[in-house]
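There are 4 protein chains.
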Amino acid sequence: MSLSLDSYIPELVRDKISPKGYETLAKVKKFVEEECIPADEVYFKQLSNDPTKRWTEVPPIIEDLKAKARKLGLWNMFLAGYKDGPGFTNLEYGLMAQFLGRSHVAPEATNTNAPDTGNMELFAKYANEEQRAKWLVPLLNGEIRSAFLMTEKGISSSNALNISLKAEKTSQGREIVLNGTKWFASGAGDPRTSVWLVMAKTTPESENPYKRHSVIVIDAKKALKTGNAKIIRPLHVFGFDDAPHGHCEVQFNNLKVPFDLLDKEGEGFTLIQSRLGPASNREIFGKLFITKELFINDVAERRIELERIKLLVLEAALKIDLVGSKKAKKEISIAKIDAPRTVGKIIDWAIQVYGAEGVSQDTPLTKLFMSARMLRIADGPDEAHLNQLGKAEAKKSKDINELYSKIYAKTKRLSKI
Amino acid sequence: MSLSLDSYIPELVRDKISPKGYETLAKVKKFVEEECIPADEVYFKQLSNDPTKRWTEVPPIIEDLKAKARKLGLWNMFLAGYKDGPGFTNLEYGLMAQFLGRSHVAPEATNTNAPDTGNMELFAKYANEEQRAKWLVPLLNGEIRSAFLMTEKGISSSNALNISLKAEKTSQGREIVLNGTKWFASGAGDPRTSVWLVMAKTTPESENPYKRHSVIVIDAKKALKTGNAKIIRPLHVFGFDDAPHGHCEVQFNNLKVPFDLLDKEGEGFTLIQSRLGPASNREIFGKLFITKELFINDVAERRIELERIKLLVLEAALKIDLVGSKKAKKEISIAKIDAPRTVGKIIDWAIQVYGAEGVSQDTPLTKLFMSARMLRIADGPDEAHLNQLGKAEAKKSKDINELYSKIYAKTKRLSKI
Amino acid sequence: MSLSLDSYIPELVRDKISPKGYETLAKVKKFVEEECIPADEVYFKQLSNDPTKRWTEVPPIIEDLKAKARKLGLWNMFLAGYKDGPGFTNLEYGLMAQFLGRSHVAPEATNTNAPDTGNMELFAKYANEEQRAKWLVPLLNGEIRSAFLMTEKGISSSNALNISLKAEKTSQGREIVLNGTKWFASGAGDPRTSVWLVMAKTTPESENPYKRHSVIVIDAKKALKTGNAKIIRPLHVFGFDDAPHGHCEVQFNNLKVPFDLLDKEGEGFTLIQSRLGPASNREIFGKLFITKELFINDVAERRIELERIKLLVLEAALKIDLVGSKKAKKEISIAKIDAPRTVGKIIDWAIQVYGAEGVSQDTPLTKLFMSARMLRIADGPDEAHLNQLGKAEAKKSKDINELYSKIYAKTKRLSKI
Amino acid sequence: MSLSLDSYIPELVRDKISPKGYETLAKVKKFVEEECIPADEVYFKQLSNDPTKRWTEVPPIIEDLKAKARKLGLWNMFLAGYKDGPGFTNLEYGLMAQFLGRSHVAPEATNTNAPDTGNMELFAKYANEEQRAKWLVPLLNGEIRSAFLMTEKGISSSNALNISLKAEKTSQGREIVLNGTKWFASGAGDPRTSVWLVMAKTTPESENPYKRHSVIVIDAKKALKTGNAKIIRPLHVFGFDDAPHGHCEVQFNNLKVPFDLLDKEGEGFTLIQSRLGPASNREIFGKLFITKELFINDVAERRIELERIKLLVLEAALKIDLVGSKKAKKEISIAKIDAPRTVGKIIDWAIQVYGAEGVSQDTPLTKLFMSARMLRIADGPDEAHLNQLGKAEAKKSKDINELYSKIYAKTKRLSKI
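Protein chains in written order, with numbering that gives the first Met the number 0: chain H, 0 to 416; chain R, 0 to 416; chain D, 0 to 416; chain A, 0 to 416.
One should not assume that every hint holds.
Identical copies look the same in the list; a pair holds intra-copy or inter-copy alike.
As the list claims (entries may be wrong) - List of simulated lysine-lysine pairs, DSBU-like, C-alpha gap at most 35 Å:
| no. | residue 1 | residue 2 |
| --- | --- | --- |
| 1 | Lys263 | Lys152 |
| 2 | Lys44 | Lys220 |
| 3 | Lys124 | Lys19 |
| 4 | Lys133 | Lys82 |
| 5 | Lys29 | Lys133 |
| 6 | Lys15 | Lys397 |
| 7 | Lys329 | Lys390 |
| 8 | Lys397 | Lys19 |
| 9 | Lys405 | Lys29 |
| 10 | Lys26 | Lys395 |
| 11 | Lys326 | Lys395 |
| 12 | Lys210 | Lys165 |
| 13 | Lys15 | Lys328 |
| 14 | Lys263 | Lys325 |
| 15 | Lys415 | Lys65 |
| 16 | Lys168 | Lys200 |
| 17 | Lys44 | Lys255 |
By construction, these hints were calculated from the structure, which means they are not laboratory data.
Here the structure is a predicted model, which means the values were calculated and not measured.
Whenever a hint applies, use it, and build me the whole structure from the sequences.
Shown next, in the form of C-alpha cells:
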C-alpha cells in the first residue's frame, strides 16, 4: 500500500485545491506509481547503447504511456492560466510535480517535460496564428518536440545581453542568415524535435541594449537538411549524455531561414525574462572572478581547507613511516574521512564557478568530482571510519574521568581554605 | 515608514485570517513598533543593578504597557481554542508572534509571555472551579505570575519519567510533604509569582511508570514564608540572570502543602506532554553518551577538527620561528580564521551534550563559548582575514595562467601527432 | 612560470625530506606539469568511443609517458619501506602525490596507480618466491596490471566478514573451485590485467570468523579463457565507465584454479586489513538502517528539509497564480535557490546510504544527483538569484532606518520621564 | 591517570622540540592539571559579586599560583625570540598553550595572559631604556598589568587608519593633550593596571595616512587621579563583565600627559600591525554593508531562512487549529527543531556584522542569541525531537516497501514484453 495522498498535501494549501484538482492529483499519484516508475527501467533498457541509434530511436514505451496519460486527462497540466491548458493552477501543478518528479518518464508521458513546457508557454503567450497552428498545436498534442537555443560558450549564458549569435536580415527582410554556435541546447538531440527557438542578435544597431535580440522560430528539420546547421555533439552532464533528449552544441554556418520571429523584433530579452524567471540579468563571473569580493572569500576558504587536509595527510604519512600503519590507525582514519569530503566540496565549488562548462566533458571537474565522491565509499565509507575513530576516542574517557576526580577533590580542598 | 503588514503575511495563509484577526495583527504591529521596542531600553534601565532589588522590583514601565495593550484588545492572544481566550486561532497568533518577538517587553505587555502562557493553558484545560477562580482568573488578568517546576539537576530533564521529587501524602491524604530540589524553574524569581505547578512523584507504587507523577498546585508565597521552600539561586544562561523573571533552583525541605492537584493523581505525565509537546519522551544522554552511536560519530568529528586546528596553529608558530611573523602572514591568517570558529563549534556541541547545565554557570562552557566567539571579532574579524588571504591567493593567478598557457600549447602539439 | 616547489611544502615537514626526496619532488612537479597534464586530453581522445574497443585498446600515449618517467627515476615511488621500492618515505610520497593527483595519466605513467599500488604492496609483503617472480616483478615493471576482487553486491562490502564467495578445495587440495559473483573489481576491465587477487571463503568451517577467508591468486587471462569466469559488465560511477580500467562485475561459475594463496589459508582477513586500512570492520548498514540511531536522525533532517522546500515552492506557485510571475520574483528566487541545493544534499546522503550501489547505474541516484546539480546552474546560477534577492532585501533598509529613527526618538522621550 | 604528554604532540613537530622545551611542556601539563584547573572554581568564588569590589579586589589564589609557576620555571613562555624571554620557540609555546588554555587562571598564573603578552612584546621590541625599566621589567615580573587602548566606537576598530582619538602636543612638545573615547580596552578594569598604551592621532598633518598615529605610553594610575581620564563602564561580552580584567570604555577629557611615545612619532600604525598581525587593514563594514556583495548574498540567505521557518511554524499552527496538537506532532517537531537553530544562526551572523558592538550590552543581540540557544535545549533538545521525528518517518518504511514490491513486479512484467 502506498502512502495516502493527503500526507503529501500541506495543511496550508488543502483548501486551495479544486475538486477537479484533487481528483487529478490522485490520478497523477496512481499513474506515476503504477505506470511510470515501473516503466523507468524499461525505458533505459529500450534506449540503445549504440552511439548513433541512441539519438535516432526513442524508447517505444513512452508512446504507450502518453496514450494512457492522455486518456486519464493527465496532459499538459503545467499550462496554468492559458486557455490552451487543462485549467489547473500553478499550485495544483506544484503538488502534481511532487509525483511526476519521481519517475524519469512521467514528465514526458504527461507532456509536462522541459524544455517543451517553457517553449509551449512562450508560444501560448506570444505566437501568431500561423505559429500556433504549425508549432503550438502539435507540441500540445505531444506530436513533436522543441528546443530553445540560448546559451553560448565562454560567456555568462544566463545574461541574455551577452548573447552574440549573428542574425542578419537579407535585403528584402524576408529572410535572415545565422552564423555562430549555441551549446547546451536541451532537447536538440531528440529525433522528434521539429522547432527551434533561437535567441540571436538581430538588431545590434539598437541603442537600447535590451532591444537588440529577437527569438527566431526555425523549422529544425529543414535547417539540418541544408547542412548549414549542424548538431556538433551532445554535451555530457556528469558523464551522462541524456539521450535521446541531449544538451547539444549546434553550429550555424550561413544558415538562411525565413524571417519568422516570436513576438516582435528586439523583444528577445523580454521573452527570455519571462521564460527563465528573474535570474537572467547578472554579470559574468568565472573568467573575472578574482575581482569579486564573494569569490575572494571563497578562494580563501578553499586555501584553508587545502592546507589543513595537506597537514592531516602528511601527519598520517609520517606516522606510518615511523611506527607503521597499525599504530597510525587514528591518523589514517582522520585523513581518510576528511580528505575526500573536503576535496569533493572544493570541486563542487569549482563546478559552480565554471557554470555549464563545469558540468560538461569540457573540463575535468566532473571526473574529479566522481573520484572524490567514490572515495567516500570505496575505501571504507566515512561512517565506518568515523565510528571507529569515535570509539577509540571514547576509550580515553576512563583516564579523563580519573583525572577529573582528582581535580574535583583538589578543588574541594582548596575551597575549604 | 515601516514595512507594510502584508509583506509579513505569506500568500499561503492570507485567506485563513479573519477580519478581526487581520485588524488585531495590524494593531499588534503598531503597538510593538511604537510602544514596545522604544520601551525595551527603558525597561532594562529601570531594572536595578542591585543584586537583591533586581528580584524584588519590577520595572514600572511594564504596567503602563499592559494597561495600553489591554485597552487595545491586545491581551491573551495566545489562548486559542479556549472559551477563556480572545478568540484568535493559533495561525493568527503565530503571525502576531512575529511582531511580539521583536521586543523584550511585548510578550509580557500583552500577557503572552512564557512560562505563564503554558501554565494558563494547563489551568484552562484541567483546573477545577476553585483553581480557576484562585489562579487562572488573576493570571489571565495579568495580576499574578506563575512558574512550572519540572527540571531536576543531573537527570535528563525533558523525560518526565526521570523526575524524582518526593511528594508523600500525609495519613489523611489532605496534605502532601515535598522533599528535593528543582532547577531551571523559569519565572520562579519574579516577585509577582504566586503559584507554582510542581511535577512530583506522588505515586511511586503505581505499576505503570507513566502514572507515578502528579502536578501539585502550590501557593508560592505561603510556601516561601514557611522557610521549607527556598529559592537557592538564579541559574545564569550565557551569563544572563534574566531578572526579575529568573531560572531558579528551588529547594523543598519537608514542605507541607494542601493536597491540591491539577487534574487527577498520576496524571502528571499526560499534563507535561500536553504542555511541552512531543519531545518529552527521550532517554537520558549526557552522562552515558559514550555508548550512543550518534555521539560516537560526533566525538570523532570533534577529534578531526581538533587535530587539524592544532596542525594549522603549529605550522604558523613554526613559520614565525623560522621567518618571522611578516612572512608568516598566510599561515597566521589561516590559523586566526579557523581556530576560533572551530573551537566555537566544538563548545556549542558540548553545551548541547550537557543540556541545561551546559548553558548555566555550573559548567565553564558558556565562558569558553564567549571567549571563542569574541576572538572571531577581537583579533580582526574573520571576514578581514579571509579577504586578505583570498587576495593573496588571487595573486597567484598570473603564474597559474602562464603555466596553463604552456600546458595548452603542449596539448595542442601532442594532439597533432 | 609555475609556482615554486617550496610553496607546496609545509614548514612542518621541510626538514624531513631527504636531498634525493627533494630532488625527485622537483622532477615530479616538472614531469606532471610539462608532460602529464598536457597529455590528459590526448589520452581521452585516444580512448575509443566504441563500446568494445574502449576495453581492448589502451591509449598509446601512456607507454610514452611510462618510458619517460622511468628514465627520470619517477617510478614506484609509492612503495615505501620495502626493498623492492625506490627508497622514498611515505611522507615524501605524500608530497609527490600532490602533483601526481593533478593529472589523470600521471599515476599510471609513474606506476603509482590504484589498485595496482595496493596489490603490489600485498605481493611485496606476503608473496612467495614464485608469486614474486610471476606477478610482482612484471607489476613493478609496469608490464601487467592487476585487480583485487573483494566487494560483493548487497552486502556491506567493507566488512570482509560478510564476504561469501564460495571456494571449495578439490579432494587433493591442489585446486580450488570458485562459484559466485564479485563486483566493483577495479581494474578488472583492463586488457593488460593478468592477475586477480580474489577474497573468498575457503575455510567456512573455521571457528574463528576472522580465519575463514583467504586471498586466492588467479591467472586472470587463463581464467577468462575457460569461460567459467566472466566479466559481466563495467559498473558506472556517476555515469562514467572509467575505461579501460573499469569497475567490473565478475562471475565465477565452477571456475577451477590452482590452489595458490597469498600468505596462508585463513589469512584473508588480515591481508584485507593491511590493504584497506582500519575501516574494514563495520557492520552492514543500508538495508537495515532504520534501526540505527544515526540514520534515524538523518532521516528526520531529510524530512525537515523536504517539508520546508515543499512549502517554499508552493508559496511561489500560489503567488504566481495570484499576482503573476513578475510580482512573485522574490518567492521564485527563494524556491529556485533553495530547492536544487536541498535536493542535491538529500540525494548525496542517499548515495552514501547505498554505498557502492548508490554511485552505480543500478540505482537512479546518480542521475538524480546530476539533474539537481545541473539545476543549480541551468536555471540561473544560485549566485545570480542570491544577488538579486539580496539587493531586493537591501532596498528595505530605508524604511527600516526610518522606523528605527522614530523608535530611538521615542526611547529618548521615555527615558527622560 | 591523565593522558600521556606524547599523545598531545603531533608526529610532525616531535623532533622540533628541544629537551628543555619537552621538559617544560611536561611541567606545564602537570601544573595546569594539578594546580590550575582545580583553582578555577576557587578563583570565581573568591571574585566578589559586589559591583564595586569586583573591580578593586583580585582573587588571592592567583598570587599563590604565580609564585608556584615562577618557581617551576613556567613564566613568560610566550616571549619567543627576545632576550628578555625564557628561550622557548613559538612552536614550543604553541604546544604549551594547549594546556594553558584549559584553565581560566593558568595564563595569568604563568604571566602569559592577554593583553599583557602583546604589550610586553611591544615593549620588548620598541621601548627605550627608561620605558623598559619603568614598565617592561615589572610586567615581566607580573607585578603590574597593562592595557592597550585602540578600539573606538562606531568605526571599524580593526583598521587603525580610522582611529581618531585627538592628541595635541603642547607648544613646547613636552606634553600631549588627549580628548575622546576608547572602548573595549581589555584589562583596563584591573586594579593592578599601571600602564596604558594609547593609539592616538598625533600627527594629522602627515601626508601619509599611515604616519598619522602614535602609541602614547601613559601612567594609568596618575591619569585616573587627575579626573581627566575616566573608566566609564565595563563592556559586557555575552553578558559577562570579565571582572576584574574588564573590557572598558575610557574617556579622555583634556588629559595632559608627558610626551612619551613607544617608538617614534607617526609609527603607531606599524606598531599596531606588529601587535595584531595581518588583519588590521580592512575597510569598514557594518554601517555600509548594504553595498558589499558578500553581505548582499548573506542577506539573501537570511531571507530564505526566515521565510522557510515562518512557513514551517505557520503550517504547525494551522495543523494544531484543525486537528489538535496531538495529531500535529510531526509539524510541531519540525518547527521546534528548525526554528531555534535557524534563528540562532541568523543572530550569530548579525553579531559578526556588528563586530565588538554586537557582543556587548549595547545591542540586544547577545540576549537574543542566548534565548535562541536556550530554546534548543529548554523545549526538549533538538536531538530528542529529531529522534522522535525520525522514528515516525521510519514507520513509513513498511508501506514504501510494499509499494516498491509492486513496482518491481510490474517492471519485471514490462521487461518481458
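Verification of the supplied hints:
no.	hint	verdict
1	Lys263 with Lys152	within (26 Å within a copy, 58 Å between copies)
2	Lys44 with Lys220	both (27 Å within a copy, 30 Å between copies)
3	Lys124 with Lys19	within (25 Å within a copy, 41 Å between copies)
4	Lys133 with Lys82	within (18 Å within a copy, 65 Å between copies)
5	Lys29 with Lys133	within (34 Å within a copy, 58 Å between copies)
6	Lys15 with Lys397	between (60 Å within a copy, 31 Å between copies)
7	Lys329 with Lys390	both (11 Å within a copy, 33 Å between copies)
8	Lys397 with Lys19	between (66 Å within a copy, 30 Å between copies)
9	Lys405 with Lys29	between (67 Å within a copy, 12 Å between copies)
10	Lys26 with Lys395	between (58 Å within a copy, 21 Å between copies)
11	Lys326 with Lys395	within (16 Å within a copy, 39 Å between copies)
12	Lys210 with Lys165	within (15 Å within a copy, 57 Å between copies)
13	Lys15 with Lys328	between (58 Å within a copy, 21 Å between copies)
14	Lys263 with Lys325	between (73 Å within a copy, 20 Å between copies)
15	Lys415 with Lys65	between (85 Å within a copy, 20 Å between copies)
16	Lys168 with Lys200	within (11 Å within a copy, 68 Å between copies)
17	Lys44 with Lys255	between (39 Å within a copy, 34 Å between copies)
Going through the hint list in order, the structure satisfies each hint without exception.
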